[in-house]
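Novice: Each chain, letter by letter, is given below.
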Amino acid sequence: MPTETPRKQFQSPKKPKQSPNNVKSQSSTPSIHLSPQTPQLPLRRSSRRSLQPFTSKTVDEMLDLSTPRKALEDLDGIGKCSGNNRKESSVRTPRAPKCKFNEEDREIPEMGKVGEGNGVVEDAFCPVSPEALESKKTKKGLSEEGSVKMGKSPKCKLNEDLGKLGEGNGDVVLPEKRKKGLRNEESVKTRKSLRCKLSEEREIPDLGKLGEATFFPVSPQALESKKRKKGEEKRAVTRAMATRSLKKVNKEEKKGRKRVYYKKVVYDGGEFEVGDDVYVKRREDASSDDEVPEMEECRVCFKVGRGVMIECDDCLGGFHLKCLTPPLKEVPDGDWVCGFCQARKLGKDVEFPKPPEGKKRVRTLREKLLASDLWAARIESLWKEVDGSYWLRGRWYIIPEETASGRQPHNLKRELYRTNDFADIEMESIIRHCNVMSPKEYAKANDQGDDVFLCEYEYDIQWHSFKRLAEIDNDEDGECANGDEDWNSCKEDDSDTDEDMEYEEENERNAHARPSTTHQLAANSRKGRFFGIQKVGTKMIPEHVRCHKQTELERAKATLLLATLPKSLPCRNKEMEEITTFVKGAICDDQCLGRCLYIHGVPGTGKTMSVLAVMRNIKSEVDAGSIRPYCFVEVNGLKLAAPENIYTVIYEALTGHRVSWKKALQLLNERFSDGKKIAKGDDRPCILLIDELDLLVTRNQSVLYNILDWPTKPHSKLIVIGIANTMDLPEKLLPRISSRMGIQRLCFGPYNYQQLQEIISSRLKGIDAFEKQAVEFASRKVAAISGDARRALEICRRAAEIADYNMKNQISSVNSSRVKDVVTMADVDAAIQEMFQAPHVQVMKSCSKLSKIFLTAMVYELYKTGMGETTFEKLAMTFSCLCTSNGEAFPGWDTLLKVGCKLGECRIILCEAGDRHMVQKLQLNFPSDDVAFALKGSKDLPWLAKYL
Amino acid sequence: MPAIADRSSSPFKAMLAAKSCELAGSGGCRPPQKRRLRSDTAAAAKESPVSTPMKLKSPRRRLDSSPSSPANRVKKDPSEKTLKKCWNPRDVEQIRAVKEAVHVSTAPSTVVCREDEQKRVLDFCKACVQQEKAGSLYVCGCPGTGKSLSMELVKQQVIDWAKMEGLQPPEVLAMNCTSLANTSVIFSKILGMHQPKKKSIGSASPLQHLQNLYSNKQAQSSSKMMLIIADELDYLITRDRAVLHDLFMLTTFPFSRCILIGIANSIDLADRFLPRLQSLNCKPMVVTFRAYSKDQILSILQERLLVLPYIVFHQQALELCARKVAAASGDMRKALSVCRSAVEILEAELRESASNTGLTSAEGDFVSPQTALAHEVFPSQENNTVRIDHMALALSKTFRSPIVDTIQSLPQHQQIILCSAVKYFRGGKKDTTVGELNKSYIDICKSALIPPVGILEFSSMCRVLNDQGLFKLGQSRDDKFKRVTLKVDEADISFALQGVRLFRNCLQ
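Order-wise, the sequence lines are chains B and D.
Be aware that the first sequence starts at 1, since it is given in the UniProt record's numbering, and climbs by one per residue.
Be aware that the second sequence starts at 1, since it is given in the UniProt record's numbering, and climbs by one per residue.
Misleading hints may appear alongside valid ones.
Calculated cross-link-like contacts (lysine-lysine; reagent style DSBU-like; alpha-carbon spacing at most 35 Å) [to be verified]:
1) B:Lys663 / D:Lys439
2) B:Lys808 / B:Lys772
3) B:Lys898 / D:Lys439
Since the hints were made in silico from the structure, they are not lab data.
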């Protein structure tokens, strides 16, 4: 790619040449001293543009490109070729090859051995600049030169260079190309910690002469950025280039208000293609963006260039080989860490040398990105808006610090994460290309320059999960391709309506995205919508849902849902206090002695909820700063595939890594028993909540043993809270485990009816939907049987549903004026009947007529004989008796047998296999009372009652 | 530690030395500390770690000199204690120090009351190292009797001793068998210790490697003895017992260099699982750690508390704790956690009283400052130690049987079930099925005019009772045919339920 780009760029500025009006307008502007062939405006623009994406490292080169006009003026002042464009251009021709030669010269040392090459280059170049300077001076004697201010001095020097080098500013193509080439070479950086930067060879003598070395990078930079901003406002010019690129992609621009999608766009000299990675400006007005990225300075002497630089693998800072103590002769093999980082690792406080007064350390784009002052994105699609602006859809990269888990020790310095977060970005905010590579490529990429990043995982911003790119890339690529195909084909046919709608929708969305292209906004406005083109995740919310005002009953129903988190937890104050003192006592002192608490109680008595509420309270205290931070790991034994997996879960919660349980066990042992730190600075106390502890009991109980053994170790700082239903779990375990479990127990007894009543009414606070007696009735009923709060809530909710249903029926059937919207005793009773009545009663109530008679006959037979068991033969006799005496037709033996078998399948009766026919033994599976209760009220067979 | 070497050479001299040392310690070290204490308790608390070594040594020496006279010690202790000041439980630092002292994880530098066992193990190790022969030892004892702790110390002592004697100190591999992912990993660990550099080579398993290693004579240079301490040895018991067997067999090879110390709870593990070793006449020596007696627990607790420069526990409180725990299990961990919970009870009590006095002190201003001061000082002296009642409360929290409370707090229907079970088992039966019990339950319900719950509900209630430890449910696919046994005494149930007339009538 780097080899191709220059050529294309080479073409781009030429393009406007062909338009004559352009030229005219150019020539009419008073300030031009350029050849008429090269229209100034687009030219400068493009050059500036190209500068922006590709930070030039050599100062004067940057100058010569950014200030061509100034250069010319100076040249005029020199009087060598004042205003004579023709002459200049003629001069240019012979000189051009020389220029190229120079360029080649430069290349050689770069590619070759750096340490030596440097010297060679200096030799090759040194003659040029002094000569240039001298020639100027001798020719003119130039008073200007003497009085140059620091801002100007480099420019002057520049001009001289330019003049010398072939007066190429008649045509920007040349310098630009040269610059391009240089750029490509100069950005070369061997990743293996050797950064070779070819310093400004010519600069050295110049600096020596002018003596203003420290200041001169500043002024061109300011100038540069100003001009860039001006340039940005005019976007129209780029359109021409873009249309050209349109042809490349063989896409014809459609008339009308349509977006045009491109595969490749050449924008301000940079060529951007779908799939490329680019730096994106973070804010339009951010101060950090004003400084144009600079060639990296040495961290010691704060000068750019001057020989080979080496990169520290830890802080990524660059150092001159000479500036190091002791100085290095050549770049060492393998990792190299600078002295500052080494010292820091040893625990010393180190300060990097301060930059000289008045000079700010200029950060490179890479540094800015890693400090999250810039962003990187991957281009997913490119298009032109109707108004002619160019946009791209980017997929953000984020740095590890921006993920939920923060930077982990295993993250490399240059690691990025690809996200599933997309945003529409204007092309304007692109700075330049960067290279984000897979680990494989990254390992190979030795000399790709400074903008090389590694990306191995995709980060899900909603779920905070990581996925290895290698795993998802294959299918996703295919998917993308298909999506593109679809899009293209649908664009081909001119179905206007659909298209327009789409456009409008898109446009609206863009309007959203435009004001600020921040991650945040992008994440929110596009949640769940990928690629913008497909309409995924849109949901119609019908009007009646929105307008409907919730009735009291409906609110009651909602608040009684088990999933609703209550505002307060009544009736468990004592227990919660105990848990609070336990946890606080454990984590508050610096020692953090390990402890264990076992909480037991019947289901539905608020065990887990209380613990979680306590943890929330403590969390808020931590946030307030009154308690030291701790980490809280919650595990539910029921959710583990195997008890051993708990190690994996705990380890993952502590460090964010997922390893096999064996490995996790080993690592956790290291951490808790041996006191080794898994993560740096991770000596926070850890609270481990294990719900359904009894499910961790394996055959040899080693899992529980290990978990309960850790708190008894000196430096574990582990607090275990186990929750289970079984009261005597510790006693059931091996004695060695119960010995380690300690004596701290907490019992959650079943609620009594007052407590249940309080719980329900606290939930229903402010909602007047229940009669007081109804609540009491429900709670008494539940308290008598199980004391399970869940059940009480369910009954009340069900009662509310029944009441709601009844009310709506009343409204629809009779237009009665007074409709009660309160849950009464009757509703609660109905709900209780439903809840506590075993399902078999329902089945019996709803079974067929013959089955009912069959069951009645069974009961009748039972009453008659007093024997639980009967045979089919006897039953059939009874059955026929019942039928004949009540005017029913006897269905026949076969049918009867079939009915019996059906009931047997439902397990309402227990029966032998059906092939025994007459002698088949039958028995009711449920008490006869149940059958009687179920069948007494049956409407179609009222006569059954007298046999029951 | 010259003292140890001395002792090993001649215990008598050591005794003398120890006594003189103690005298010197009490003469030289204590008085300044006392002074400091009086001046500033907080400072003393901070200082305490500094003074610990001196203090720790003295009691052990004393024990050495008179191991069989706990009564002596108990008598001696109060006299010593009078020198100490009462602690101030309101001081966070002190509370922390106390809690740390009685925490399980703070390993004391010496293990009191286990000298005999330690000595036996140490002698065994010494003999092995000296003669450069392999050997195996099995340490058993109830949980919380200081097995692992003693082994830790023995490990260190062996190394120290070997260095002292100029022998090559053995390499030590201490591991807990529960933390092995797979039982046979133990061999690769042992092999890894032998050949730290070499990676496992191909086909042969680590066990085979080890066997080869131990059956052939090797160069002297590489023949370091290896001390393997395997905690919770019974986790290595597999179905075919191969691992355990192989492990012990390693010590029988002619050129084996490993000293194996296995630790487990069961007393007869070696007999049960290693019959073949017996036939080879290399049965491991067995060292048994008995459960602590009350005197031992008391002395251990006191030794731990010696670290603190102030009195925390009343003598009687400690004794009560020791007696109770010794009677129940002799588990030191339990004793420590009882102590801790007693401290917490005191803490909570003080907090409560502080909030109360905060209210009352405002109105009690008219009391003259002097009397108020006296009033303040005297009870605080009394209040600030953990008294016998605190300890009793803590013990009852630990050892009480919560059955009566539990039964009384049960929902009504579950109580009826219990009642029906009692009634059912009156006839002398030992167990029944859920279905049968349901019938009995329904009878009672009917007699009391309470609508009974359905069978499904009934069986789920039985499960809850099972969870509460009142019932024992057998395994069965069908709910109805699960066997039910009552796990608590009938008398408990009738006692708990006697308050309700319904049940009184039922159980008459």
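Novice: If a hint holds in the structure, say so; if it does not, say that too.
Specialist: Comparing the hints with the structure gives:
no.: 1; hint: B:Lys663 / D:Lys439; verdict: violated (54 Å)
no.: 2; hint: B:Lys808 / B:Lys772; verdict: holds (22 Å)
no.: 3; hint: B:Lys898 / D:Lys439; verdict: holds (31 Å)
Checked against the numbered hints listed earlier, the structure breaks hint 1 alone; every other hint is satisfied.
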